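*Asks:* Chain W is fixed; fit chain U onto it per the hints.
Going down the list, the sequences are from chains W and U. Just so you know, we're using this note's numbering here: the first sequence kicks off at 1 and counts up by one. Just so you know, we're using this note's numbering here: the second sequence kicks off at 1001 and counts up by one.
The hints are simulated quantities; they were obtained by calculation from the structure and are not laboratory data. Careful: at least some of the hints might be erroneous.
Covered stretches of chain W (in silico footprint by chain U; criterion: 3 or more residues with CB under 8 Å from a CB of chain U, positions within the stretch not fixed) [stated by the list, open to error]:
#1 38-45
#2 79-92
#3 249-257
The model shown is predicted, which means the values in this text are computed figures rather than measured ones. Don't be surprised by glycine CBs; every beta carbon is placed ideally from N, CA and C.
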Amino acid sequence: MTAATPTAPDRVVPLGGSGRPARRAELYPGRRRVNWWLTAVLVVCSASVLVPFYLAVVTALKSPEQLGGSPWALPTEWRWDNFGTAIEVVDFPRALGNSAVVTAGAVVLTLLTNSLVGWVFARNMDRRFFRFGFYFLLAAMFIPFPVIMLPLVKQTSALGMDSLWGLVLLYAIYNLPFNTLLYTGYVRSIPYELEEAAALDGASPVRRFRSVVFPLLMPINATVVILAALGAWNDFLMPLVVLSDRAQYTLPLVQYAFQGQFNTQYSLAFASYLMALAPMVLVYVIGQKWIIGGVVRGSVK
Amino acid sequence: MTTSRRFAYTVGAVALLAFFAFHTLPALQGFFYSLTNYRGYGDWEWVGLKNYELLFSDARVGRAYRFTFGFAVVAAVLTNVISLALAVGLNGRIAFRRTLRAVFFVPNILSLLIVGYIFNFIFSSAVPQIGSALGVEALSTSILGNPDLAWVGIVVVSVWGASAVTTIIYLAGLQTVPVEVYEAASIDGATGWRRFSRVTFPILMPFVTINTLLTVKGFLMVFDQIIAMTGGGPGDATRSMSVLIFSAGFNAGEFAYQSANAIIFFVVIALVSLFQVRTMRSRERV
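So here's chain W without its partners, still in its complex pose (with noise of 0.2 Å):
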């Protein structure tokens, strides 16, 4: 940790001490000084993130009579077509349907209202109305979803939204609370005078919304789209409760309804992870320093 001093190569700091940092950077100006030992450790410690899926990938690949042996060996016999068992016994293309429709819509449905809701109260906060509903969804966000769960379900059942499209509205409806938190402080630092420009040429609200303000909220935008898709695709207990039709159920469900067969079949239970895992892990790896970055844009707000 002593070397960790973040002095910028080109300032020279006097060091009370130990002056070789600050003369090696002198020595080669403009490269940083990498420390090697921290780096070692945190490449350490990224086994632990790795590991899992080491063992993960080798169970998935092994046959039956290989399970017995140690966990942590590589496969002697590379068994390729567990992942095609594996996708007959859970129809895994029907799961990814699923989990595609369910997060394509949650992504639409949630960005198109939420902003929408997030730009009018945040253009009318000094009405009575707004100010009391803006509130009033700060609070809800206090009740977490296991407390009404229960409740909920009797009424989507009732009302006949124990589908895919049920579970889309829902979570547009969830996502209500925080992202109209995130757009209404976004859309303050947005000049007024552009929209009543818009408003002067004749330009209906919708309009003005379109294409004027929606344009503008994009950084905003990017974390709303990663946050709902995160948390629509990974979600397990809403599905769980409010789906009736195991036809309908989404890939971490389908995980969960086939431990049964599962059970003395290791391999076929791991290929199956992970190709639950793998889309969005593609799309990480595509799309890595956009997700992070609209995650933590997300939590600092």
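*Replies:* Chain U alone, transformed into the frame defined by chain W:
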């Protein structure tokens, strides 16, 4: 501007009505049912506050609270300590910074249920293998089958999952510390631990507040990983409040009773959140 005012009121009213119908109304219904003996189906009668009276003498509920809060505190402390250390490391002058940061964030994008299943296997097969090879008695059998140790498994998975986003938030916090502050500190001779505790940590205090609030709130709701690893067992050693409300409320005909349980749990959570916000705010000002 009358059309735009009418538009605003329409949007606001629709949004609030939808939210009321699917969030507030179920909460009110939950309160309503908590005053009955409804089992989730069939007839019901008013029972007044009887469910609430029973709650306070129900050992099962007491154990669920003890597990949930004990777990949340241990997991939140561990998550924050580990994340802070990782963030300081990632903020140092290291190689492969971007790759390492990306790797440590991976748990945040994964389904906690599936991660729980993978760790279930790790604790029941992979760890005992090492444990018996090394001759460590405690690790040679699955800790998830041991009523005294199963909670440790739940803590490990939860910390593993939650550290990802907590670390990234701390890292964002560290990057708000101006280089000049460190320079001033090193002129004064503060290095290493002293610099961290006297300079970095106080500046990070708002981020400690956010992370503590987020982790505690998340951990009090713990559900997915428990279902995947122990199902609340062995016995009810790892049965959290969410698991209890879910399993007894839906499957044991305790709809009304668990509704009362949920209402009290909500009050407790709200009090904890308010208490946290107040104490942390006051500490930040110092």
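*Asks:* Each hint needs a verdict: does it hold in this structure or not?
*Replies:* So, going through the hints one by one against the coordinates:
1. For a cut-off of 8 Å, the count of residues in the stretch 38-45 of chain W with a CB near a CB of chain U stands at 6, and the three-residue condition holds.
2. Counting residues of the stretch 79-92 of chain W whose beta carbon lies closer than 8 Å to any beta carbon of chain U gives 0, which falls below the threshold of three, so the coverage claim is violated.
3. Given as covered by chain U, the stretch 249-257 of chain W passes the check, having 4 residues with a CB less than 8 Å from a CB of that chain where 3 are the minimum.
Violated hints amount to a single one, hint 2; each of the other numbered hints is respected by the structure.
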